[in-house]
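Student: Listed below are the residues making up each chain.
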Amino acid sequence: MMDKSAAELISITKSYGQSIAVDDITLRIPGTSYTCLLGPSGCGKSSTLRMIAGHETVTRGDILLGGKNITDLPPAGRGTAMMFQNYALFPHLSVADNVAFSLKMKGVEKSARHVEAMKLLELVDMVGFAARLPAQLSGGQQQRVALARALITNPSILLLDEPLSALDPFLRLRMRSELKRLQRELGISFIHVTHSQDEALSLADQVIVMNKGRIEQVGSAQDVFNKPQTQFVAQFMGGHNVMRDGQSYLAIRADKVQISKTSSKDGAGLSAVVREIEYLGTTFSVGLDEADATQASSPISVTISDALFSQEPLEIGQTVFLNWKPGDTHRLAS
Amino acid sequence: MSSKRSISNDLTGWLMASPLALVLALFLVLPIAMIVVVSFWGATEFSIYPAFKLDNYQFLFGSAVTYSVFLKTFMFTLISWALCLAIGFTVAYFLAFHIRTQTWQIVLFLVCTVPFLTSNIIRMISWVPFLGRNGIANQTLISMGIIDEPLEWLLFSDFAVVLAFVHLYTLFMVVPIFNTMMRIDKSLLEAARDAGATGFQTLTNVILPLTKPGIMIGSIFVVTLVMGDFITVRFMSGSQSANVGRLISNDVALLRYPSAAATSVVLLITVLIVIGIMLRFVNIRKEL
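Each protein sequence line maps, in turn, to chains A and B. Sequence positions in the first sequence follow my numbering and run 8 to 341. Sequence positions in the second sequence follow my numbering and run 759 to 1046.
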């Protein structure tokens, strides 16, 4: 039997009049997995999520969930649940009533649905707030309630639309690990839309990088970060330098580039001028321009540990030489 | 130093509040105070004289006419309010949730306000040729074979009064309800749908509760306007029906100012009580 929480998108297209938001995407989402849809704003990731949720009609293509075609089912009949970006809690209902909302719609009796709601509130550690109104909660607490409200429907797939973007950085890290814990404990699939590389890398079993309505790359977090297939992925994931090599492009991670103040004996190495130096705590990020820059060359960024930097401090305007091991470069599809 | 500043702060505060206070005192408090004072005065056939008598109130509360007229006023208010609410809510709902683009929302909203380019009275009178015995409505119904002879109750009847009220005041219901509905986050409707709510369930469980403040503001408009009206009732009922407003206007026409003042005071208190009761149900403060 097929895993209930496995999903498949088959040649999904979404167009609004002339403009195409999602362009012929085919995708497999394994059961019991954490998938991140990653991309810049307007790349079609939210539209894709909303099509899976049933809040957006599919122009062409099919969506399967657990082997069942759900393309034309209403949102509540699909086995999906959605957590909205701004949480979309009902402002006039208490936390418990918000969580129990879907049960109320099904006609479950009040006491029974409150018992069920309390179970979910326990799961997200919000039992003490059951009687409050959403306006009386902090952003993080609202998110937990929204999570409980989505999970009470027993979904096979939970869809999260930029769930962490409204939180402050500290809370974001905490909720991030909590989302991952929940996904493991519940044994269902999470599909999480985000524009943050960190979020995708730290959470996802499978990262799907999207751009302009198409999928650029699908793979594990390490794959996507270490072996970007396209120039877009290399640049969007960050931490990479993309350099021209004849007709094609090479990518090299910023922390794999060495800076030396003198050119090596064999004369190899790219000479560059230090443009900016940023202290990032454990590392320094050095921005450089190629010394004999052509129009095609882009700025280079190098990451060095703070220990290394303090041994050999750099100054802005200084000319240095860049070296890397050939094995660290990675050819990109053009 | 700091006390000096706080004095000047105090003064600024008072100065900033004074224009509005002055306007309200002059045009609201003073006239009402005058009415209250005059309501205790006495009147002869040709003059009124200062006094402190309860005669006007005694007469008012002793007369069976007062009670039936107040009852009629409440009846007009209740029916007009219910119809205004039903129509107003539907129109606002349509504008807020079924019209996708803001441009069309604005255009259609302005269309709703077009009747307000003419005066109340003209809008009222324009019903006469439509509803009259040989009016368009009757002729159409007869030619369609639905009725054999003209309907007498179309014009100069309670029906006509309520019709005119609804026509005149529905917009006062549409505007605040539309306003509140526009502030409802659309993702709430999606969240409801995601939780399996049908369209009707979303309406009763999400939209209606969140629109309550708007409904209440609109209701206050309609209730006060209908309860205080006299001209609509006179025109549309053909002087066959009476409400409190007409009671007052008759008194004024007969120069019985103290009696008119007493009726006004009672009406004012009645309206305030009604609004007080309504405000008990819904907190409109966050809308203001």
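Just so you know, these hints were derived from the structure itself, not from any lab. The model shown is predicted, which means the values in this text are computed figures rather than measured ones. Ideal Cβ positions, reconstructed from N, Cα and C, are used throughout, including at glycine. Any given hint could be a false lead.
[As the list claims (entries may be wrong)] Calculated pairs, BS3-like style, for lysine-lysine (alpha carbon to alpha carbon, straight line, at most 25 Å):
1) A:219 to A:234
2) A:126 to A:113
3) B:970 to A:117
4) B:811 to B:830
5) A:113 to A:187
6) A:11 to A:113
7) A:75 to A:126
8) B:830 to A:111
9) A:332 to A:234
10) B:970 to A:111
11) A:332 to A:263
12) B:944 to A:113
[What the hints assert, rightly or not] Covered by chain B, according to a simulated footprint, are these stretches of chain A (three or more residues, beta-carbon under 8 Å):
13) 72 to 83
14) 105 to 115
15) 246 to 254
Student: Each hint: holds or not?
Tutor: A quick look at each hint next to the structure:
This hinted pair checks out: residue 219 of chain A and residue 234 of chain A have alpha carbons roughly 21 Å apart, not beyond 25 Å. A C-alpha spacing of about 18 Å is found between residue 126 of chain A and residue 113 of chain A, which places the hinted pair at or below 25 Å, so the restraint holds. Of the supplied pair hints, the one linking residue 970 of chain B and residue 117 of chain A holds, its CA atoms being roughly 23 Å apart against a limit of 25 Å. Restraint check: the Cα-Cα separation between residue 811 of chain B and residue 830 of chain B comes to about 28 Å, which exceeds 25 Å; the hinted pair is violated.
Note on residue 113 of chain A and residue 187 of chain A: the hinted pairing is violated, with a Cα-Cα distance of about 29 Å set against a maximum of 25 Å. Distance restraint check for residue 11 of chain A and residue 113 of chain A: the Cα-Cα separation of roughly 22 Å lies within the 25 Å cut-off, and the hinted pair is therefore satisfied. Between residue 75 of chain A and residue 126 of chain A, the direct Cα distance comes to roughly 29 Å. Violation of the 25 Å bound is thereby established for this hinted pair. Distance hint between residue 830 of chain B and residue 111 of chain A is unfulfilled; the C-alpha atoms sit about 42 Å from each other, more than 25 Å.
As the CA atoms of residue 332 of chain A and residue 234 of chain A are separated by approximately 16 Å, the hinted pair is consistent with the 25 Å bound. A C-alpha spacing of about 21 Å is found between residue 970 of chain B and residue 111 of chain A, which places the hinted pair at or below 25 Å, so the restraint holds. The suggested pairing of residue 332 of chain A with residue 263 of chain A holds, with an alpha-carbon distance near 8 Å, which does not exceed 25 Å. For the suggested pair residue 944 of chain B and residue 113 of chain A, the alpha carbons sit about 22 Å apart, so the restraint of at most 25 Å is met.
Closer than 8 Å: that is the beta-carbon criterion, and the stretch 72 to 83 of chain A has 3 residues meeting it against chain B, so the requirement of 3 holds. Counting residues of the stretch 105 to 115 of chain A whose CB lies closer than 8 Å to any CB of chain B gives 5, so the stated coverage by that chain holds, three being the minimum. Counting residues of the stretch 246 to 254 of chain A whose CB lies closer than 8 Å to any CB of chain B gives 0, which falls below the minimum of 3, so the coverage claim is violated.
Checked against the numbered hints above, the structure breaks hints 4, 5, 7, 8 and 15 and satisfies the rest.
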